[in-house]
Amino acid sequence: MIEPYLAFHGVTKRFGDLDVVAQPFSISVARNEFVVFLGPSGCGKTTLMRMIGGLETPSSGAICLEGLPVGGPDHRRGMVFQSYSSFPWLTVAENVLFGMRYRKDLTEQQKLARRDNYLELVGLYDFSDAYPNKVSGGMRQRVAIARTLAAGSDVMLMDEPFGALDAQRRERLQVELRAIQRRDAKTIVFVTHDVEEAVFLADRVIVFSKRPARVMADIDITERLGAERPLELRDSPEFFQLRNAVLRLLREAAGDEE
Amino acid sequence: MTDISETAPVTVPDPRTAATAPRPDPSSIWAFRGTLSRRAQIGIGVGTSVGLLLIWEAVARIGLVNTTFLPSPSTVLSSMLMMVQKQNLLQHAGISTLRVWVAFILAAVMAIPIGILMSSYRVVGAALEPIIDFIRYLPVPALVPLSIIWFGVGESTKLYLLWLGTFFQLVLLVADDMRRVPHEYIEIAHTLGANTRQTLRDVAFRAMLPGLVDNLRITLGWCWTYLIIAEIVAADSGIGFVIWTARRYMKTPEVMAGVVVIGVIGLVTDQLLRALHRRAFRYL
Chain A
1 MIEPYLAFHG
11 VTKRFGDLDV
21 VAQPFSISVA
31 RNEFVVFLGP
41 SGCGKTTLMR
51 MIGGLETPSS
61 GAICLEGLPV
71 GGPDHRRGMV
81 FQSYSSFPWL
91 TVAENVLFGM
101 RYRKDLTEQQ
111 KLARRDNYLE
121 LVGLYDFSDA
131 YPNKVSGGMR
141 QRVAIARTLA
151 AGSDVMLMDE
161 PFGALDAQRR
171 ERLQVELRAI
181 QRRDAKTIVF
191 VTHDVEEAVF
201 LADRVIVFSK
211 RPARVMADID
221 ITERLGAERP
231 LELRDSPEFF
241 QLRNAVLRLL
251 REAAGDEE
Chain B
1 MTDISETAPV
11 TVPDPRTAAT
21 APRPDPSSIW
31 AFRGTLSRRA
41 QIGIGVGTSV
51 GLLLIWEAVA
61 RIGLVNTTFL
71 PSPSTVLSSM
81 LMMVQKQNLL
91 QHAGISTLRV
101 WVAFILAAVM
111 AIPIGILMSS
121 YRVVGAALEP
131 IIDFIRYLPV
141 PALVPLSIIW
151 FGVGESTKLY
161 LLWLGTFFQL
171 VLLVADDMRR
181 VPHEYIEIAH
191 TLGANTRQTL
201 RDVAFRAMLP
211 GLVDNLRITL
221 GWCWTYLIIA
231 EIVAADSGIG
241 FVIWTARRYM
251 KTPEVMAGVV
261 VIGVIGLVTD
271 QLLRALHRRA
281 FRYL
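Sequence order for the protein chains is A and B. Going by the UniProt record's numbering, 183 is the number at position 183 of the first sequence; the sequence numbering is gapless. Going by the UniProt record's numbering, 42 is the number at position 42 of the second sequence; the sequence numbering is gapless.
Wrong hints could be hidden among the right ones.
[Unchecked claim] A short list of chain B residues far from chain A (calculated; beta carbon distances all over 12 angstroms):
no.	residue
1	Ser28
2	Arg33
3	Gln198
4	Pro210
5	Ile229
6	Met250
7	Met256
8	Arg274
[As the list claims (entries may be wrong)] In silico SDA-like pairs for lysine to any residue, Cα to Cα no more than 20 angstroms straight-line:
no.	chain 1	residue 1	chain 2	residue 2
9	B	Lys251	B	Ile135
10	A	Lys134	B	Arg279
11	B	Lys251	B	Thr269
12	A	Lys134	B	His277
13	A	Lys111	B	Gln198
14	A	Lys104	B	Gln198
15	B	Lys86	B	Val260
16	A	Lys104	B	Thr199
17	B	Lys251	B	Arg61
18	A	Lys111	A	Phe127
19	A	Lys134	B	Arg278
20	A	Lys134	B	Arg206
21	A	Lys186	A	Pro88
22	A	Lys111	B	Gly193
23	A	Lys111	A	Glu94
24	B	Lys251	B	Leu90
25	A	Lys186	B	Gly193
26	A	Lys134	B	Phe281
27	A	Lys134	B	Leu284
28	A	Lys104	B	Arg201
29	A	Lys104	B	Gly193
30	A	Lys134	A	Ala93
31	A	Lys134	B	Arg282
32	A	Lys104	B	Arg197
33	A	Lys210	A	Glu196
34	B	Lys251	B	Thr67
35	A	Lys104	B	Asn195
36	A	Lys134	B	Pro210
Just so you know, the hints here were simulated from the structure itself, not pulled from any lab data. Note that the Cβ used here is the ideal one computed from N, Cα and C, for glycine as well.
Bound conformation, chain A alone:
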């Protein structure tokens, strides 16, 4: 058997008396796969993602990256948060450079080259010297994405990164993120409770029940929509149908308390 790239092996999590993930959770994620954890708010999907980053430890089971159990956080597994995602005291360019601050294997010159490269990639080169409070919320999220890429993350962990953006910025960043992921060949685990976002971005959507988190469905999106995700895809009947199907699943997952 070929060892999967990233794998959860029977992971559970308890915080004190609170079961966050009770039923052992096992999935494997292929290299360069874009996986979205979709579920009701507070269902435990974020906790599962944070375990990949080494920010939480499983109560039982293990998470393996390339066959080796993950330990504490390091630059190979980068995080992008919804808020406080960039440092306000550093300029846009300094924020991206900060991503490589603790990497001793890169020379100063290499770091500067990578910084400029990723600033260009996310379209922020012209805003290099601006402080984060002077750019839009969407740009601040791009700063965080560029910083994570510059740091050299193989796996990008994104916790509702576009949750605080308005609809248009959100759509644009989704298109860009998908393009970056395809070009840079990154494995992404992305947490959201937005069904459209999940279906548009993902190769694969894992639908979770409300807490304690249980997998309700594991849906292959690429098989149905293809790997390319232009903005127009949102208007197609295929997208619409899939979105509705996932939405129904999520409604079941949330239960009928609302």
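The hints should help you fit chain B onto chain A, whose structure is shown.
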């Protein structure tokens, strides 16, 4: 399709009887929660202050009050100039300022690392918080006799009292600044490979810095309060000593002049630190 002109006519309620909230003219300076231009604000502020001084001056000159108790502003100013020339007022002010800064820096140098540790490590916080909370509520003047027993009436008593008044307050403010640093920043640093020391130095400390500088500015102000107490109790120099000596001979203008000097030093220091804050933290 219906013609909209055939629908019932709209009745406009009489604004004098309509039960709506009042809508005053927004350009009026009395607009409730309204705005005022910066120039107008400065003008009004200066105008009020000058007006008050003029009334005070007039009241004193006409003889409506006993000038032994309330000398006119001009008398206070002239005795201030006299004190600068004959009583080394500036030297006394310098000594007081030096005391404040020495004690304040001493308090800050100790409070900053301890406060940071209290928020970074639960065990340090749990150990120190009860003690600090207790001492914080002791009024400094109540500790004057004890500090004289311990340190006599020399410089160290004054520095000790000032330190006492600021350290315990500051340590909790620093701890609070650190606690307010968003956890996301810490986790970003960790996922970029920073160890604890690097995270503290490069991220947490930087994130708390604007709040810290603000709190230092505020506690520096408190230092002056305790200075006067210390200098009144035990000193042969400093502004507090000058004020207390003048009081003994009922030289009210000199007492007031001393108070004004403290006010001016405080105001200037505060404005300087504010300007520094704006320059250093342009990103805010």
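Hints, verified against the model:
1. With a minimum CB-CB distance of about 34 angstroms to chain A, Ser28 (chain B) clears the 12 angstroms threshold, and the non-interface call stands.
2. Distance to chain A confirms Arg33 (chain B) as a non-interface residue, since its nearest Cβ pair spans about 26 angstroms, more than 12 angstroms.
3. Not every C-beta of chain A lies more than 12 angstroms from that of Gln198 (chain B), the closest at about 7 angstroms, which undercuts listing it as non-interface.
4. Once the 12 angstroms rule is applied to beta carbons, Pro210 (chain B) is inconsistent with being away from chain A; the minimum gap is 8 angstroms.
5. The claim that Ile229 (chain B) lies off the interface holds: its Cβ sits roughly 38 angstroms from the closest Cβ of chain A, which is beyond the 12 angstroms cut-off.
6. Every CB of chain A lies more than 12 angstroms from the CB of Met250 (chain B), the least distance being 55 angstroms, so the non-interface label holds.
7. Interface exclusion of Met256 (chain B) from chain A stands, the closest Cβ pair being 44 angstroms apart, more than 12 angstroms.
8. Interface exclusion of Arg274 (chain B) from chain A stands, the closest Cβ pair being 19 angstroms apart, more than 12 angstroms.
9. A distance of roughly 37 angstroms separates the Cα atoms of Lys251 (chain B) and Ile135 (chain B); the hinted pair therefore is violated under the 20 angstroms criterion.
10. With a CA separation close to 16 angstroms, the supplied pair Lys134 (chain A) and Arg279 (chain B) stays within the 20 angstroms bound.
11. About 28 angstroms separates the Cα atoms of Lys251 (chain B) and Thr269 (chain B), which puts this hinted pair outside 20 angstroms; it is violated.
12. For the given pair, Lys134 (chain A) sits about 19 angstroms from His277 (chain B) by alpha-carbon distance, which is consistent with the 20 angstroms threshold.
13. Taken as a hint, the Lys111 (chain A) and Gln198 (chain B) pair is honoured in the structure, with Cα atoms around 19 angstroms apart against an allowance of 20 angstroms.
14. Taken as a hint, the Lys104 (chain A) and Gln198 (chain B) pair is honoured in the structure, with Cα atoms around 14 angstroms apart against an allowance of 20 angstroms.
15. Simply put, Lys86 (chain B) and Val260 (chain B) have alpha-carbon atoms about 18 angstroms apart, close enough for the 20 angstroms limit, and the pair holds.
16. Among the hinted pairs, Lys104 (chain A) with Thr199 (chain B) is consistent with the structure: their alpha-carbon atoms are about 16 angstroms apart, no more than 20 angstroms.
17. Taking the CA atoms of Lys251 (chain B) and Arg61 (chain B), the gap is about 18 angstroms. The hint holds against a cut of 20 angstroms.
18. Between Lys111 (chain A) and Phe127 (chain A) the alpha-carbon distance is near 18 angstroms, which keeps this suggested pair within the 20 angstroms criterion.
19. Among the hinted pairs, Lys134 (chain A) with Arg278 (chain B) is consistent with the structure: their alpha-carbon atoms are about 16 angstroms apart, no more than 20 angstroms.
20. A threshold of 20 angstroms between alpha carbons decides the hint, and for Lys134 (chain A) with Arg206 (chain B) the separation of about 19 angstroms falls inside it, so the pair holds.
21. Distance hint between Lys186 (chain A) and Pro88 (chain A) is unfulfilled; the C-alpha atoms sit about 27 angstroms from each other, more than 20 angstroms.
22. In summary, the hint linking Lys111 (chain A) to Gly193 (chain B) is supported, as the alpha carbons are separated by about 15 angstroms, within the 20 angstroms threshold.
23. Only pairs whose Cα atoms come within 20 angstroms are accepted, and Lys111 (chain A) paired with Glu94 (chain A) is accepted, the gap being roughly 11 angstroms.
24. For the suggested pair Lys251 (chain B) and Leu90 (chain B), the alpha carbons sit about 18 angstroms apart, so the restraint of at most 20 angstroms is met.
25. Between Lys186 (chain A) and Gly193 (chain B) the alpha-carbon distance is near 19 angstroms, which keeps this suggested pair within the 20 angstroms criterion.
26. Proximity of Lys134 (chain A) to Phe281 (chain B) is assessed by CA-CA distance (about 13 angstroms); at most 20 angstroms being required, the pair is judged to hold.
27. Distance restraint check for Lys134 (chain A) and Leu284 (chain B): the Cα-Cα separation of roughly 9 angstroms lies within the 20 angstroms cut-off, and the hinted pair is therefore satisfied.
28. This hinted pair checks out: Lys104 (chain A) and Arg201 (chain B) have alpha carbons roughly 18 angstroms apart, not beyond 20 angstroms.
29. At most 20 angstroms may separate the alpha-carbon atoms for a hinted pair to count; Lys104 (chain A) and Gly193 (chain B) meet this at roughly 11 angstroms.
30. For the hint pairing Lys134 (chain A) with Ala93 (chain A), the CA-to-CA distance comes to about 13 angstroms; that is within 20 angstroms, so the pair holds.
31. The hinted pair formed by Lys134 (chain A) and Arg282 (chain B) meets the criterion: a straight-line CA distance of about 11 angstroms does not exceed 20 angstroms.
32. Taking the CA atoms of Lys104 (chain A) and Arg197 (chain B), the gap is about 17 angstroms. The hint holds against a cut of 20 angstroms.
33. Distance hint between Lys210 (chain A) and Glu196 (chain A) is fulfilled; the C-alpha atoms sit about 19 angstroms from each other, no more than 20 angstroms.
34. Under the criterion of a C-alpha separation no larger than 20 angstroms, the hint pairing Lys251 (chain B) with Thr67 (chain B) is consistent with the structure, at around 11 angstroms.
35. Our distance criterion of 20 angstroms between C-alpha atoms is met by Lys104 (chain A) and Asn195 (chain B), whose separation comes to about 14 angstroms.
36. Of the pairs offered as hints, the one joining Lys134 (chain A) and Pro210 (chain B) holds, with about 18 angstroms between alpha carbons and a cut-off of 20 angstroms not exceeded.
Consistency with the previously given hints fails for numbers 3, 4, 9, 11 and 21, ordered from lowest to highest.
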